[in-house]
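Number of protein chains: 2
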Amino acid sequence: MSTQLFSYQQLTAFTQKVFLAIGCPEEQAATATKALLSADIRGIDSHGVARLSGYVRLWEAKRVNAKPDIRIIHETPSTAVIDGDSGLGLVVAPYAMQVAIEKAKQVGTGWVSVQNSNHFGIAGYHAMMALQYDMIGMAMTNASPLVAPTFSIDKMLGTNPICVAAPAGKQPAFVADLATTTAANGKLEILQRKNQSTPSGWVQDAEGNPSHDPHELKKGGALLPLGGDKEHGSHKGYALGAVVDIFSALLSGANYAPWVPPFPAYVPMPAQQPGKGIGHFFGAMRVDAFRPAEEFKKSMDHWIEGFRAAKPMPGQEKVLVPGDPEREMEAERMKEGIPLLESVIKDLRSIGEKFGVELK
Amino acid sequence: MSTQLFSYQQLTAFTQKVFLAIGCPEEQAATATKALLSADIRGIDSHGVARLSGYVRLWEAKRVNAKPDIRIIHETPSTAVIDGDSGLGLVVAPYAMQVAIEKAKQVGTGWVSVQNSNHFGIAGYHAMMALQYDMIGMAMTNASPLVAPTFSIDKMLGTNPICVAAPAGKQPAFVADLATTTAANGKLEILQRKNQSTPSGWVQDAEGNPSHDPHELKKGGALLPLGGDKEHGSHKGYALGAVVDIFSALLSGANYAPWVPPFPAYVPMPAQQPGKGIGHFFGAMRVDAFRPAEEFKKSMDHWIEGFRAAKPMPGQEKVLVPGDPEREMEAERMKEGIPLLESVIKDLRSIGEKFGVELK
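For the protein sequence lines, the chains are P and E, in the order given.
For the first sequence, the working numbering puts the final residue at 383, and the numbers step up evenly by one.
For the second sequence, the working numbering puts the final residue at 383, and the numbers step up evenly by one.
Hints were generated in silico from the structure; no laboratory data involved.
Errors might be hidden in some of the hints.
[Stated by the list, open to error] Derived Cβ-Cβ restraints for the label pairs, each shown as a range:
1. P:Arg372 x E:Gln129: 52 to 60 Å
2. E:Asp324 x P:Asn218: 44 to 52 Å
3. E:Gln129 x P:Asn218: 29 to 37 Å
4. P:Leu28 x E:Lys253: 26 to 34 Å
5. P:Lys242 x E:Lys341: 43 to 51 Å
6. P:Ala332 x E:Lys253: 49 to 57 Å
7. E:Pro335 x P:Pro293: 45 to 53 Å
8. P:Glu317 x E:Gln296: 52 to 60 Å
9. E:Gly338 x P:Ser69: 28 to 36 Å
10. P:Gly209 x E:Gly66: 49 to 57 Å
11. E:Ile96 x P:Ala332: 47 to 55 Å
[Said to hold, decoys possible] A short, non-exhaustive set of chain P residues, derived as facing chain E with CB atoms under 7 Å:
12. Ile176
13. Lys259
14. Val380
[Stated by the list, open to error] Mimicking BS3-like on lysine-lysine, the simulated pairs with C-alpha atoms at most 25 Å apart in a straight line are:
15. P:Lys85 x P:Lys193
16. E:Lys377 x P:Lys217
17. P:Lys128 x E:Lys128
18. P:Lys321 x P:Lys128
19. E:Lys369 x E:Lys358
20. P:Lys358 x P:Lys57
21. P:Lys383 x P:Lys85
22. P:Lys299 x E:Lys253
23. P:Lys210 x P:Lys193
24. E:Lys341 x P:Lys178
25. E:Lys358 x E:Lys377
26. E:Lys40 x P:Lys299
27. P:Lys178 x P:Lys128
28. E:Lys90 x E:Lys377
29. E:Lys90 x E:Lys210
30. P:Lys178 x E:Lys321
31. E:Lys299 x P:Lys253
32. E:Lys210 x P:Lys253
33. E:Lys241 x P:Lys334
34. P:Lys334 x P:Lys57
35. E:Lys253 x P:Lys334
36. E:Lys57 x E:Lys40
37. P:Lys241 x E:Lys334
38. P:Lys321 x E:Lys210
39. E:Lys90 x P:Lys193
40. P:Lys253 x E:Lys253
Bear in mind that the values here come from a model prediction, so they are computed numbers and not experimental data.
We put the beta carbon where it would ideally sit given N, CA and C, even for glycine.
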């Protein structure tokens with residue numbers, strides 16, 4: 024698969040101009056760009072600039088409002104519900120996370136559920152906003168229904184990711200960022216390109232049989248919850264995905280379960296709309312609302328060093344701490360550049376032509 | 024395997040007398056009994072009365088304080104840290120959960136991290152305390168190090184369960200209660216008794232190789248994080264177990280990672296003690312801190328009914344909602360009685376003899 028390297032700065036300049044071209048206010052275009060490209064630099068290529076055309080198509084379909092009036096519609100000292108006014112999730116989510124952080128400054132923790140939003144990129148970007156304040160950050164979102172719960176043929180949930188980020192001292196922060204499925208859609212796309220089959224427990228076919236076909240989703244099949252099948256704990260992955268849905272959409276009044284609006288603008292909207300847009304959930308906990316931050320961070324260093332010192336199994340070089348692979352990727356890509364597939368570059372150039380913006 | 028049925032009332036009377044005999048104050052003996060037996064009635068036999076002798080042995084080893092001075096050592100409007108004073112987790116946890124609930128009444132949510140405690144039974148009992156207040160409840164705990172993280176031979180985490188309970192309207196509550204491993208230790212014990220091998224992804228041997236031996240833990244092997252191996256997403260189960268450890272122990276000052284004190288009193292304590300006792304974490308979120316409770320519960324009903332109506336795969340009768348199996352078991356066992364294995368009955372009778380309490 025041929026790729027070409029682009030610098031973070033090149034992609035930033037291009038993406039920002041595209042967001043401005045669809046009418047985003049300057050500050051929001053900058054925020055959306057930073058949130059979107061955080062996926063590319065962290066190596067989650069499926070959620071980065073490759074999705075820019077998807078966001079543009081949602082705007083063309085009038086499902087994304089480029090000038091949203093994002094507002095708090097209900098609150099208590101430690102909670103808020105935010106109406107995203109159909110804005111880009113890339114803009115709504117950082118706004119909501121900041122509200123959670125401000126609440127945490129006041130009363131120790133802040134918890135924000137969001138309705139009427141769109142896809143927010145990677146959960147990690149938003150959760151990690153809390154780190155600079157010596158807070159633990161959490162972010163989750165529901166998503167297009169692609170996942171069949173244990174024993175089900177019907178697709179009832181999205182890949183519904185969860186991120187938890189916790190600050191450390193000398194060590195880099197702990198960042199767990201995971202879809203609640205065995206594998207996310209992006210992993211299937213990689214296997215499709217390589218013409219390889221999927222491991223067991225990733226997908227099932229339209230009749231609910233185990234499958235190894237990475238193209239299964241286009242044939243009516245489904246992604247599987249973390250665990251794969253009942254014998255391997257899929258009821259746990261299903262339960263976690265369900266919790267994300269409840270926190271993100273049932274607490275906020277967004278759409279939930281199979282009624283979550285699909286990301287691809289060409290997929291028809293579900294007939295039923297029990298809520299508004301898609302839902303997110305954010306949390307911020309001030310570490311010193313529990314324990315002096317320096318003590319906590321010293322313990323986190325000790326914890327992290329303990330895991331790094333664990334004995335690796337034969338054939339493995341080392342035991343990783345959640346966040347390690349993405350951080351290493353970020354260091355590499357900020358230095359060497361971000362590799363984009365030819366198909367992605369072509370897609371970006373065609374957006375560029377539409378808006379008179381050059382990818383250079 | 025021969026079993027004998029006991030009524031909930033019989034086991035309650037016996038267990039309560041044993042807790043009184045080791046010196047628990049009357050109210051605490053009642054609380055501990057209710058928390059412990061909630062496992063038996065919900066079908067989680069490994070965490071119920073079968074563990075009573077284990078708790079007694081911890082008391083004999085002076086690792087459990089029967090008359091703890093449980094107290095808040097730090098707090099903000101939405102958070103608290105509690106020192107369990109080496110009390111039974113079965114008593115410390117309900118105390119801490121009640122603090123979380125009171126905080127939620129005041130400021131919308133309450134979050135409590137606990138140090139210096141012992142094993143608390145099932146997470147579900149504590150999280151479900153929030154339901155009667157129209158709150159979402161959360162409970163988690165760290166535990167004896169039996170789990171090898173992805174790529175590791177060393178056992179660095181416990182089965183670290185998470186429970187999230189959310190109220191519904193006409194439908195019964197949603198209760199997701201799960202260990203962050205593919206299978207918990209209790210499942211291995213069942214296979215041991217049946218002389219059956221474990222499915223893939225449950226355990227590995229002392230060298231880190233995949234194993235199907237349910238006795239593997241006694242031979243230096245380890246339980247595996249939910250997912251089993253990297254290809255099947257075990258780095259996600261590992262990350263979730265790590266989050267439980269951080270919330271429960273790093274925020275509170277309890278022991279963490281491989282330094283968590285083991286449940287069996289005969290297993291020597293780890294050489295290093297970076298904190299105090301084991302750690303728990305509890306959360307309570309008032310539903311109406313986000314949205315009118317009636318609206319939320321109506322949506323929960325719709326959500327639950329949607330999942331129950333999902334098409335089951337061939338060979339499956341229906342799609343379950345988290346909490347269904349345990350609730351069905353509870354209805355059955357409250358009516359028919361609780362089956363105890365001969366070995367468990369023998370164990371209980373020998374405790375009874377020690378304290379002059381009869382199991383009748």
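Hints, one by one, checked against the model:
1. P:Arg372 x E:Gln129: 52 to 60 Å: holds, 56 Å
2. E:Asp324 x P:Asn218: 44 to 52 Å: holds, 46 Å
3. E:Gln129 x P:Asn218: 29 to 37 Å: violated, 59 Å
4. P:Leu28 x E:Lys253: 26 to 34 Å: holds, 28 Å
5. P:Lys242 x E:Lys341: 43 to 51 Å: This hint is violated: roughly 25 Å between Cβ atoms.
6. P:Ala332 x E:Lys253: 49 to 57 Å: violated, 20 Å
7. E:Pro335 x P:Pro293: 45 to 53 Å: violated, 21 Å
8. P:Glu317 x E:Gln296: 52 to 60 Å: Violated: the Cβ-Cβ distance is about 20 Å, outside 52 to 60 Å.
9. E:Gly338 x P:Ser69: 28 to 36 Å: holds, 33 Å
10. P:Gly209 x E:Gly66: 49 to 57 Å: violated, 38 Å
11. E:Ile96 x P:Ala332: 47 to 55 Å: violated, 30 Å
12. Ile176: holds, 5 Å
13. Lys259: Holds. Min distance 4 Å.
14. Val380: For Val380 of chain P, the interface hint is violated, since the closest Cβ of chain E sits about 38 Å away, which is over 7 Å.
15. P:Lys85 x P:Lys193: Violated. Lys85 of chain P to Lys193 of chain P sits at ~47 Å, over the 25 Å cutoff.
16. E:Lys377 x P:Lys217: At roughly 67 Å apart (the allowed maximum being 25 Å), Lys217 of chain P and Lys377 of chain E break the hint.
17. P:Lys128 x E:Lys128: Holds: Lys128 of chain P and Lys128 of chain E sit about 19 Å apart, inside 25 Å.
18. P:Lys321 x P:Lys128: holds, 22 Å
19. E:Lys369 x E:Lys358: holds, 24 Å
20. P:Lys358 x P:Lys57: Distance ~17 Å between Lys358 of chain P and Lys57 of chain P Cα, so the pair holds.
21. P:Lys383 x P:Lys85: Status violated; Cα separation ~29 Å.
22. P:Lys299 x E:Lys253: Judged against 25 Å, a Cα distance of about 36 Å means the pair is violated.
23. P:Lys210 x P:Lys193: Answer violated: Lys210 of chain P to Lys193 of chain P is near 33 Å, above 25 Å.
24. E:Lys341 x P:Lys178: holds, 14 Å
25. E:Lys358 x E:Lys377: violated, 31 Å
26. E:Lys40 x P:Lys299: violated, 54 Å
27. P:Lys178 x P:Lys128: Violated. Lys178 of chain P to Lys128 of chain P sits at ~40 Å, over the 25 Å cutoff.
28. E:Lys90 x E:Lys377: It holds: about 20 Å lies between the C-alpha atoms, which stays within 25 Å.
29. E:Lys90 x E:Lys210: Violated, at roughly 33 Å.
30. P:Lys178 x E:Lys321: holds, 22 Å
31. E:Lys299 x P:Lys253: Violated. Lys299 of chain E to Lys253 of chain P sits at ~36 Å, over the 25 Å cutoff.
32. E:Lys210 x P:Lys253: holds, 13 Å
33. E:Lys241 x P:Lys334: holds, 19 Å
34. P:Lys334 x P:Lys57: Not OK: Lys334 of chain P and Lys57 of chain P at ~37 Å, beyond 25 Å, violated.
35. E:Lys253 x P:Lys334: holds, 16 Å
36. E:Lys57 x E:Lys40: holds, 13 Å
37. P:Lys241 x E:Lys334: holds, 19 Å
38. P:Lys321 x E:Lys210: This hinted pair is violated, its Cα atoms lying about 36 Å apart.
39. E:Lys90 x P:Lys193: violated, 40 Å
40. P:Lys253 x E:Lys253: Holds, at roughly 18 Å.
In the structure shown, a violation is registered for the earlier hints numbered 3, 5, 6, 7, 8, 10, 11, 14, 15, 16, 21, 22, 23, 25, 26, 27, 29, 31, 34, 38, 39, in ascending order.
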